[in-house]
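Start from the sequences and build out the full structure, keeping to the hints where you can.
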Amino acid sequence: VQLQASGGGLVQAGGSLRLSCAASGSIGSINAVGWYRQAPGKQRELVARIITDGGSTVYADSVKGRFTISRDNAKNTVYLHANSLKPEDTAVYYCAAVRAFGVVWGQGTLVTVSS
1 VQLQASGGGL VQAGGSLRLS CAASGSIGSI NAVGWYRQAP GKQRELVARI
51 ITDGGSTVYA DSVKGRFTIS RDNAKNTVYL HANSLKPEDT AVYYCAAVRA
101 FGVVWGQGTL VTVSS
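Each residue of the sequence shown is one higher than the one before, counting from 1 in this note's numbering.
By construction, these hints were calculated from the structure, which means they are not laboratory data. No incorrect hints appear here.
Lysine-lysine pairs mimicking DSBU-like chemistry, simulated, CA-CA at most 30 Å apart:
no.: 1; residue 1: Lys42; residue 2: Lys64
no.: 2; residue 1: Lys42; residue 2: Lys86
no.: 3; residue 1: Lys64; residue 2: Lys86
no.: 4; residue 1: Lys75; residue 2: Lys64
Structure below.
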């Protein structure tokens with residue numbers, strides 16, 4: 001499995017971005033896809049995760065009501081719709097595919113929210 005993340009950028013506080021995570025390879029082996037983020041000097045944290053079978057989702061408390069994770073099976077892509085962005089959302093965002101025998105990480109995409 002290979003993951004390609006995109007969609008980061010510079011946005012003003014209150015703005016929106018849509019991050020994309022396109023998967024290729026052994027798609028059928030993926031159980032879940034998650035978006036994580038890592039701010040400077042902080043540990044990487046889970047932002048949102050979606051189960052591929054059934055589509056159930058989980059969100060970090062800090063993004064509930066502002067971010068939405070979704071998937072487009074036809075495009076093998078998982079999206080993170082980030083709305084009402086705050087400066088504290090500034091981080092490198094990574095997507096990860098969870099499989100029975102390990103996690104595959106994509107490269108990060110930088111999100112910068114200016115105040």
